[in-house]
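Single-letter residue listing:
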Amino acid sequence: MLTRAERRRGTGWGLLSLIGIALFVGMAVAALLSWDAGSTQNRLFTAYTWRILRFTLWQAALSTLLSVVFALPVALALARRPSFPGRIWIIRLMALPMGLPVLIGALGLIGIWGRQGVMNSLLLKLGLEQPVSIYGLSGILIAHVFFNLPLAARLLLAALERLPAEYWQLSSSLGMKPFSVFRFIEWPAARRVIPGITGLIFMLCATSFTLVLMLGGGPAATTLEVAIYQSLRFDFDPPRAIALSLLQIGITALILIAISPLPAPDDAVVTAGRATRRFDGRNLPARLWDALVILLATTFLILPLASIVGAGVQANLWGLVNSAAFLRAAWTSFTIAFSAGLLAVLTSLAMIAGREAIADMKRPGGTARAFSVSLGGMSSLVLLVPPVVLGTGWFLMLRPFGDVARYAPALVAIINMLMALPFVMRVLSPAVELHRKRTGRLAASLGLSGFSRLRKIDLPVLAKPLLTALSFAMALSLGDLGAVALFGSSELTTLPWLVYSRLSSYRTNDADGLAFILGIICLGLTMIGTAGQREEKHG
Amino acid sequence: MADGIVLEKVELRLGTKEFRFDCVVSAGAVTAITGPSGSGKSTFLNLVAGFEAPDRGRILIAGEDVTEKHPSERPVSLVFQDNNLFAHLDLATNIGLGISPSLKLSGSDRAAISQALERVGLGGFEKRMPGTLSGGERQRAAFARALVRRKPVLLMDEPFAALDPGLRLSMASLLIDLHRETGNTVLIVTHDPDEVGRLADHAIFIDHGQISLQAPAEEFLARRDIPALAGFLSG
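Protein chains in written order, with our numbering: chain D, 1 to 539; chain U, 1 to 235.
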């Protein structure tokens, strides 16, 4: 269906993006591997690295377990009550932590669970002697559950809502009691998606950086990513940073291999809003239980968010917005975010064009097929080599060439681009595919190609998914602290870095106000993204 | 008539649609429920099954007032067009749930399950998963579950609509055989006039939420004086 020129161009663009990403990531890894290999090897398996490795996996396992175990009753309760006023808002609330910069979520959690927070004063009043600590392992767990419980609950809910309506009619007609409904219907549905959800959340928690940076207390509660950052930024001990980076790549590779056969969880049904009817759980105890579960989960999620808003509006917002520091950081952040977003969208399009060109070939050879597969895998390469590791590699490579700060904005933008790439591909790839399926033959028969096809056929249809992808990528970059952490300085200050440094210098009031503003911006961008996506689904 | 199904001045409002049913369905017979889509055929069935509760009026099954009863307390078995079997459970489990909803089965229960499978032509299929069966085989399994439940009323919502024409014929004759053996009361929603002639002793035509004709099947199929019915029979 493509003309020969189009096929050649598609292959070219795909190849270019492939080589670009491979070079960027490969050079970082090569820099790590080539740096004074002898001293690195000795540092690979010391008592210190073992302790950090153990803690990384231990906190990830606990976080995953708690998130999934607590998400299950929430999802069951929401599925059992398919229509009550405010339900849709609770489900939307559960999507919120995913659009919220991690840094800001952490601030909200400190506001609630911190020493002066609501929770501890309440617990003290109830007679608890030792307050819950938001720092250290307990804090990391609370924070991971805050971000991942809603994710797990939404995915479980979607799995339950995908069950045919007849199942609920049958179960009630057959007279199944709640336990039988759970055993024969709900649990089998949940069991199918739980491995995928567990894998996803474990991966997220094992590579979590910002939360551990803010809530981890010293060497006893440090993950690999944070330890890499500390080795480089505070101790300047490159061999240790490299050893840890290599361990990190090894661990993420193992996790990725372990979770790759698991089916990817999908939350497609939740937004469709199809009303199923349930005939079980109509007695009072069941109603009270579900109400309690939903109320607890909602409170747990809403309190930190309310704390961000509450603390934010108390700050001198007007003064902050007009301060030179804010304006400079906002400008830096937007420049980086826009570059990263644009680059992510263009790279995705190039990769999609490359895959399209291969798919269009009648008999693609082995090379072509391998090329197509590596285009798919390359978009997720950042999962294997996390931002901090990428940053470390480039930091060490560029140091001999003068001040790293000079290259820092470009590096941060590229790393942010790589972080956004999997999401952008997930938005754009199906949209482009559908569009091609609808218009490909017609456009080919009319002889439309090249720029005129782009302008008349492609852009009008793809404008919305493109905007969605761009705003997602920008929100991700705007709220990211991971990539900028290594390079942040008085010369390179993004908004998250500004919040973080205000926090470190105990100017909490400013930090709260800035976090509030940043949160609004990121959520706004995410909402633009999801709104576009939803219309796309209905249209 | 006391054993049949009685809808006594039943009124129900769903959104903007209003339904009014007042009829007696005779016991031990097969009654077809027909009508244009959206006319209220399925709502009629849902009222009998207990998935909808009337705003006014009473529903009696075999002389007992079931208006306030939960679906599980009504003496009915159900067969839908699709999704009659839990896809992740094997046939023996699916049918066993019809005997005991918590799957506490005795040896004689298991024998009854195998017998029922045998009866519908699925002998030896106990361990098969629904996904490995054809559409017709899945509906047969649903019949087997209805058999082991031994309920006096069988409610079917377009049970053959997803099957191809040849299969519909053989399924219809299986249904008639089973009906003769058990003597149950069958309500079957269908939009196929041929099926009315093939299966039903009586037929009910529902239009705009009301019964516009209830008659013996032969008379029903011969009527041409109701425009909506004439349209249904000719198309």
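Please note that a few of the clues may not be correct.
As the list claims (entries may be wrong) - Once the Cα atoms are required to be at most 25 Å apart in a straight line, the calculated PhoX-like pairs of lysine-lysine come out as:
#1 D:K437 to D:K456
#2 U:K69 to U:K9
#3 D:K177 to U:K69
#4 D:K177 to U:K104
#5 D:K464 to D:K437
#6 U:K104 to U:K127
Unchecked claim - Pulled a few chain D residues facing chain U out of the computed Cβ check, cut under 10 Å:
#7 L160
#8 P164
#9 Y167
#10 L174
#11 T252
#12 I255
#13 A258
#14 S452
#15 K456
These are computed hints drawn from the structure, not numbers from a lab.
Source: prediction; values computed, not measured.
Cβ coordinates follow ideal geometry from the N, Cα and C atoms, glycine included.
Any CB of chain U closer than 10 Å to the CB of D:P164?
-> 4 Å, holds
With a cut-off of 10 Å on the beta carbons, see whether D:Y167 makes it to chain U.
-> 7 Å, holds
Holds or violated: D:S452 as interface residue toward chain U, Cβ cutoff 10 Å?
-> 45 Å, violated
Would you check whether D:T252 satisfies its interface hint, that is, whether its CB is within less than 10 Å of any CB in chain U?
-> Violated, because the Cβ-Cβ distance from D:T252 to chain U comes to roughly 33 Å (cut-off 10 Å).
Starting from D:K177, check that the Cα of U:K104 is at most 25 Å away, please.
-> 13 Å, holds
Minimum beta-carbon distance criterion (10 Å), D:I255 to chain U = 28 Å, violated
Satisfaction of the D:L160 interface hint, Cβ to chain U closer than 10 Å = 13 Å, violated
Could you check if D:L174 really has its C-beta closer than 10 Å to a C-beta on chain U?
-> Nearest chain U Cβ about 5 Å off; hint holds.
Quickly compare the C-alpha distance for D:K177 and U:K69 to 25 Å and report which way the hint goes.
-> 16 Å, holds
With a cut-off of 10 Å, does the beta carbon of D:A258 approach a beta carbon of chain U closely enough for the hint to hold?
-> This interface hint is violated because 24 Å lies over the 10 Å limit.
Given the proposed pairing of U:K69 with U:K9, does the C-alpha separation stay at or below 25 Å?
-> 18 Å, holds
Assess, step by step, whether the Cα of D:K464 is no farther than 25 Å from the Cα of D:K437, and give holds or violated.
-> 17 Å, holds
Consistency with the previously given hints fails for numbers 7, 11, 12, 13, 14 and 15, ordered from lowest to highest.
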